[in-house]
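Peer 1: Chains A and B are the protein sequences, given in the same order. Okay, so the first sequence: first residue is 1 according to my numbering, each after it adds one. Okay, so the second sequence: first residue is 1 according to my numbering, each after it adds one.
Since the hints were made in silico from the structure, they are not lab data. The model shown is predicted, which means the values in this text are computed figures rather than measured ones. Even glycine gets a Cβ: it sits at the ideal position worked out from N, Cα and C. Certain hints may be false.
Stated by the list, open to error - Some chain B residues judged to face chain A by a derived CB distance under 7 Å, without partners named:
| no. | residue |
| --- | --- |
| 1 | 141 |
| 2 | 400 |
| 3 | 405 |
| 4 | 415 |
| 5 | 429 |
| 6 | 433 |
| 7 | 464 |
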Amino acid sequence: MDGFPILSLMMAVPMAGAIACLFAGANGARWIALIATLVDLVLGIVLWANFDQGGLQWQFQEYHPIFGRFAWALGIDGIALMLIALTVFLMPICIGASWQAITKRVGEYMAAFLFMEVLMIGVFAAQDLYLFYVMFEAGLIPMYLIIGIWGGADRIYASYKFFLYTLLGSVLMLIAMMWMVHEAGTTEIPALMAYDFDPQVQTWLFLAFFASFAVKMPMWPVHTWLPDAHVQAPTAGSVILAGVLLKMGGYGFIRFSLPMFPEASAQLAWLVWGLSMVAVVYTSLVALVQSDMKKLIAYSSVAHMAIVTVGLFAFNQAGIEGAMMVMLGHGLVSGALFLCVGVIYDRLHTREINRYGGLSINMPKYAVLFLLFTMASVGLPGTSNFVGEFLSLMGIYQASSWVALVCTTGIILGAAYMLYLYRRIAYGEQVNADAAAMPDLSAREIALLAPIAAAVLWMGVYPESFLAPMRSDIRALEARLAPAAPAGDSQIKMGAPKPAGEGHHEEAAAHGEAH
Amino acid sequence: MIESASLLAVLPELILTAGGLVLMLVAAWGGEASSRVVHWLSVLTLALAGIALSTSLANGPVAFDGLVRADAFSAFAKAMIYAAAAAAILLAPRYFRTDGKERPEYPVLILFSAIGMGMMVSAGDLLTLYVGLEMQSLAAYVLASFMRQDVRSSEAGLKYFVLGSLASGILLYGAALLYGFTGTTAFDGIAVAMGDGVSNGELFGMVFLLAGLAFKMSAVPFHMWTPDVYEGAPTPVTTFFGSAPKVAAMGLSVRVAIEALGPAGLDWQQIVIFVALASIILGAVAAIGQTNIKRLMAYSSINNVGFALIGLAAGTPAGVAATMSYMAIYVVMTIGAFACILQMRDGQGRPVETIASLAGLSQSRKGLAAAFAIFMFSMAGIPPLFGFWAKFLVFDAAVAADLTALAAFGIAASVIGAFYYLKVIKTIYFDEPAAAYEAKGGVIENIILTACAVVIVFGYLLNPALDAVSAAAAASLF
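Isolated chain A (complex conformation) (with noise of 0.2 Å):
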């Protein structure tokens, strides 16, 4: 694979795909999508098994300096592998998702998609700061014509909200990166993140880019935007928003606040705690009292996210993996519980939970594929989700037990909203006549479900497959975070004459190893 442009290519391929179908008609487009689509996951795949597990950090590096001031500059590692993976792996469902629920200006749409597709993975490859923020911030504009165009009732309120929104978070990370540029004397991502930056101004530096990944993410309290883009967007979109569109303030913080920022983030970890335990129990609190589908599964992303921050700012590889392995996770899960919305959704036109009920009963296949995604989203053993939090809260737990504490009591009140969720739509008596009249899935449904079921129950079971080839690329960060990661507030009590604790630590500890 040397010096081949994989990673050009798999950018070209959809931006190719997207400008041909802005000139051909809808049952075109919708081909040309699915097979744009489906050639990048065949690129991703070639890129998986090229990728050299623990050989270089950086690998199928590309460098162009052609816009003056910052080079098309692409270069992957593990994490950002994992994370592109998973783009390529949902792009051709969200294009199945939309095969018949997109009526109108059908082109166009596929047109967004693809050109979604081309951004994101430009933002998980790209090696040069500026090209990153450009990429980054691009992805504001297919996705605010697909909220706004093919949205809901209240589309235009919600597509405003999130463009504005994200606008106002990332415009300031814009000013903190010119002033990293002309310090450090170099876009180059690398080099960025080995640059040490005065303490003080880290602090500065850091709240400029928190502002962006927190709204990106979404953090508490700046979460508001996601509930109502979620709601108004079409399945589709709510499957990319969810499934990699948050992802991207996750691999923000991985990438730039805790590689060059280290001393700034350990200062300021007790904010990222503190709001992300109010955001489990507060978030995982307002999702049980949804009388809306898209609407609880929009807070459920808020809670987990929450988990995969904690994960991220316990500074050791436990959490960080496992935050990794929360994003991959909810990253599936999430995305199919927004399609098996948008398969009621597409039959009755309602996401009112109350008008569905006894699904199990006329729906069985769906309802097999609904529990299995719930029992994910709870985090049960052998599915994705349980991995990651395991690890996350493991991982927190050395660093701050009070925040392990809280933050597992959304595991908690995660199975309640979401088995009371599935216990009002799948159990119970079927009330409503029409409801009870649907039909099951659909060949082409359960070709979108199956897929994403496979590598739930895979994540679950050998993990192994997803964290090698990030294990190399967390453990420099965590080498890079030790200087000035916070003591644990758990390890304090090692070696006080209490075996007992300490016996408890190390077996946790050794637990942890093990995965």
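Given the coordinates of chain A, work out where chain B should sit on it, guided by the hints.
Peer 2: Relative to chain A, chain B alone:
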């Protein structure tokens, strides 16, 4: 004794003068029938003047004992001015033809205005500055009231004239004060005189001079004329006002600030920072409530001038280069946007100006809608469009000059501005279709529109060239 080198240094102006005078005679005797010929010959004259810029540059930088400067800065600014003027000429015939008012005087007036703008950006003396400014303005007053039977157009011309004269008076007063306290009208002489500290008289002179210039580039608090004049003037004239004179006024302000007032940098920096932030915020907030697309563009231009001034506020070569690059990108976006606005014609071919009439354009005229959206996203500063790079450059210059707080405020305020650009896109793409426009645009309109859109989408590939040209332009001032 006039040297030939000096004459060659002003060759573009000479070509424009000769062309303008000859074409005026053609227009006078040929009447309306000559309109088309005069239009094309005017564009040709501008092209020749553009080619002559290289001769001018080779015989510079100082001409007529310092009255005129023909350096890389003025060449870059003039190239933009001529291109914008040519676009404004090319876009006009179709608009005026609708009313049967196609007149050959229009391109001639633009040529005269272009001479004045050329003198503005290459002024090396307060006298050249004033003569250039007045020449540009006089032609502009007539252009604003070009459709003299139309009440709005006449009102726009009169308003522009009255307020413009007031601004000229203020500027002239400032120039007089500067002359009185420094004993010279030459820019370099003023800089020398200010070198030993800025006296109160010099400070007053500077403030008045900058106030007059702020009027010409419609920066807050001297922006009041802009929305009315933009709305009332015929749309091709508004296209012109939005592009070339903005470059000229900005170029002139930069040159005065750096070359003449350089030693007072810390004093004018405060003024420029205030004017920049006030323009950004007022331009953004006041635009939100507009229902007329031309008024919206007026506030947008106020907003954009504010961003361009951030580069000047930095006061560094990088800052000046950023300001000039900003203007270059801004001119392309403005002309492109107006090429879209000119195509807003109802079924009978009459021009429409309400934003509401754009509703659902994306379903009847896909290409036009896409171009509109590109220019609006670009003006809002959203990457990957080129408008982002313009903002990037000025903020980068500000950060490099330790004006991080200014950059942070400015960029945060740009989010307010994004809202009203989004509103236009929302109307075009999200709303239910309103009455359809004329099915096809003019050929020239479409060519200019496409060219601008291509630059805005693929502009980043021009970065190395733009960086080199603007850096050379900036270097010639320091």
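Peer 1: State for each hint whether it applies.
Peer 2: These are the hints, each one checked on the structure:
no. : hint : verdict
1   : 141  : violated (39 Å)
2   : 400  : holds (5 Å)
3   : 405  : violated (9 Å)
4   : 415  : holds (5 Å)
5   : 429  : holds (6 Å)
6   : 433  : violated (12 Å)
7   : 464  : holds (5 Å)
Figure legend: structure checked against the earlier numbered hints; hints not met, in rising order: 1, 3, 6.
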